[in-house]
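> Start from the sequences, fold in the hints, and give me the full structure.
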Amino acid sequence: MKSFRWIILLLLSFAFTSCEKEENLCEANAHPFQLDFPDYFPILNVPNDNPLTEEGIQLGRRLYYDPLLSIGGPNDGLSCSSCHFQSNSFSVPTPPQNSSVLPHVNLGWNHNFLWNGKVTGTLEDIMMFEVQEFFEVDLDVLKNHGTYPELFKDAFGSCELTDELVAKALAQWFRRMKSSNSKFDRYQQGLEQLSNEELHGMTVFFTEKGDCFHCHGLPLFTNNEFHNIGLDSIYDPAVKDRSYITGSPYDRLKFKAPTLRNVELTAPYMHDGRFATLEEVVEHYNSGVLRSTTIDPIMTKPGKEYGLQLTQQEKNDLVAFLKALTDWEFVNDTVLSSPF
Amino acid sequence: MRHLSLLLLSATIAFLLHGCKKDELRYTLTVTPHYHVDGQELILDTIMYQNAAGNPYSVNRLRYYLSNFRFVRSDNFEVTVDGGAYFTDAREGTTLTLQDVPAGSFKGLRFNFGIPADLNVYGNLPNTSENVGMVWPEQMGGGYHFMKFEGYFSSPTGTDGYAIHVGNNACLADITIATPFDVDADGSMIIGFNLNEILANPNTFDMDSGNYTMGIMPAMLEISANMHNAFTLEQTP
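Chains A and B, in that order, give the protein sequences. Note that the numbering used here gives residue 70 to position 70 of the first sequence, counting from 1, and the numbers run on in steps of one. Note that the numbering used here gives residue 7 to position 7 of the second sequence, counting from 1, and the numbers run on in steps of one.
No lab work stands behind these hints: they were computed from the structure. Here the structure is a predicted model, which means the values were calculated and not measured. A hint or two may mislead.
Claimed, not checked - Below, computed lysine-lysine pairings styled on BS3-like, alpha-carbon distance capped at 27 Å:
no., chain 1, residue 1, chain 2, residue 2
1, A, Lys209, B, Lys148
2, A, Lys209, A, Lys323
3, A, Lys315, A, Lys304
4, A, Lys315, A, Lys209
5, A, Lys153, A, Lys178
6, A, Lys209, A, Lys183
7, A, Lys118, B, Lys148
8, A, Lys304, B, Lys148
9, A, Lys183, A, Lys323
Shown next, in the form of structure tokens:
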């Protein structure tokens, strides 16, 4: 009887030890990452269940550049980076006809995603959409890969590879894709002077003269909302604008205001890529605005009913200021480039 | 000896009274704005209201700041309950929380529509997305928008948008609601906000004559003056 008790104890102790061992197998090896940005940037919202870590970011980076993400899905052979080039502020200069690709920059501060806001919420939400709907990621491909299971374990302490973890890793990477070192930023911090042209353009931008700031205000240069800026006067149901999502006729012809950070690198412009240059964009606001019932009141305010009516010099200066928003460090930083 | 006793007694009473004051009961009040248009519940995004000028209009965006909450005692002494500024978004149903509210009977409350001058400097409010979205450019005076009130209205030519934006320290409005209430427990209060009052009383705002106010000081001052009649205390704590 005594020896039977000893056997039970031995078995129990073995069972506990093996449990502990199994947990250790899936233990995270993640180190916190501190993302630095200027104090005039908004507070970065990071979900408690997905803090930034070195390992999580590196995993997200790898997934971003890896076509393995799309194997067997509707976009087979593509990775995020196939349509988002770092040299173009993670957009693409030659998008499919009648479209343009929003740049992947400072999306950690966004809550409306895609041109019509099809997905709202956090980066984790939009990444879940990318994983499950856009790429239709085949988890088995990742599970059977020689490297990924170990990377997921290190980043998240989980041996169970799920859509949610893929989305979380990508979300961490997108938070890391932060741009805050343009000439304008250095000017804001008293580190560099803007030229006279740029300064004058900045005044046009931030006053009623150009009134760019309402939709493209400091410091992100987007208000992250939807506007009808008078590109068209007739609603086309085939164009998937904001009303396609909300069903509201008041949202017709509205699209998300994109960030203007690095805007000189993100042509073509507008949701349908109709403008090839910044000069064309400025001329639209200056003289090409078309009225419709949902046009933003800012576009037709008293005195500006027929456009901004800027002089040629003012238009040139405005473009010069827009080019001061380019963060060359961001587009050349090897930390943000492909790990392959 | 008698003087000494009196002195000691006075000191003890003073100490006790002081001690009592320190232990004064304090509560938390939740303030919920109730949006309506002359009594009609606010439904966003639909042209279904009419203002004093006769413009049929909708409300698509209403974001604003209330600040510097004070409760007025019967002796007219104003207890500053919270000197901070609260961002509020009608679409989000934002509520405000006033902490450390002293117990007492009050004959009314006061607060500012807008942001006090010391806080109305970019960076002096926490850099939340909401505050950053209300920034008023330095080139136009700096600080923050006090209010963005936007929507659509039926005009003689069809449908147009309006954008009533107010900022600038001169447009800070001191609101008084002379409705008595008691605070003796944690609770909530409902402040009614009649949106038609933004557009009337004393200044009637005709959207056909102007659908935009930012940077137009006379128009912003008129809107600011109208705010005095826009708020009521609908539910006391």
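> Are the hints correct? Go through all of them and say.
Now for the hints, and whether the structure bears them out:
1. Taken as a hint, the Lys209(A) and Lys148(B) pair is honoured in the structure, with Cα atoms around 19 Å apart against an allowance of 27 Å.
2. Restraint check: the Cα-Cα separation between Lys209(A) and Lys323(A) comes to about 19 Å, which is no more than 27 Å; the hinted pair holds.
3. Distance hint between Lys315(A) and Lys304(A) is fulfilled; the C-alpha atoms sit about 15 Å from each other, no more than 27 Å.
4. Restraint check: the Cα-Cα separation between Lys315(A) and Lys209(A) comes to about 11 Å, which is no more than 27 Å; the hinted pair holds.
5. A C-alpha spacing of about 26 Å is found between Lys153(A) and Lys178(A), which places the hinted pair at or below 27 Å, so the restraint holds.
6. At roughly 23 Å between alpha-carbon atoms, Lys209(A) and Lys183(A) fall within 27 Å of each other, so this suggested pair holds.
7. The straight-line distance between the Cα atoms of Lys118(A) and Lys148(B) is roughly 25 Å, inside the 27 Å bound, and the hint therefore holds.
8. A C-alpha spacing of about 20 Å is found between Lys304(A) and Lys148(B), which places the hinted pair at or below 27 Å, so the restraint holds.
9. Restraint check for Lys183(A) and Lys323(A): the C-alpha separation of about 9 Å stays at or below 27 Å, so the hint holds.
Consistency with the previously given hints is maintained throughout, with no hint failing.
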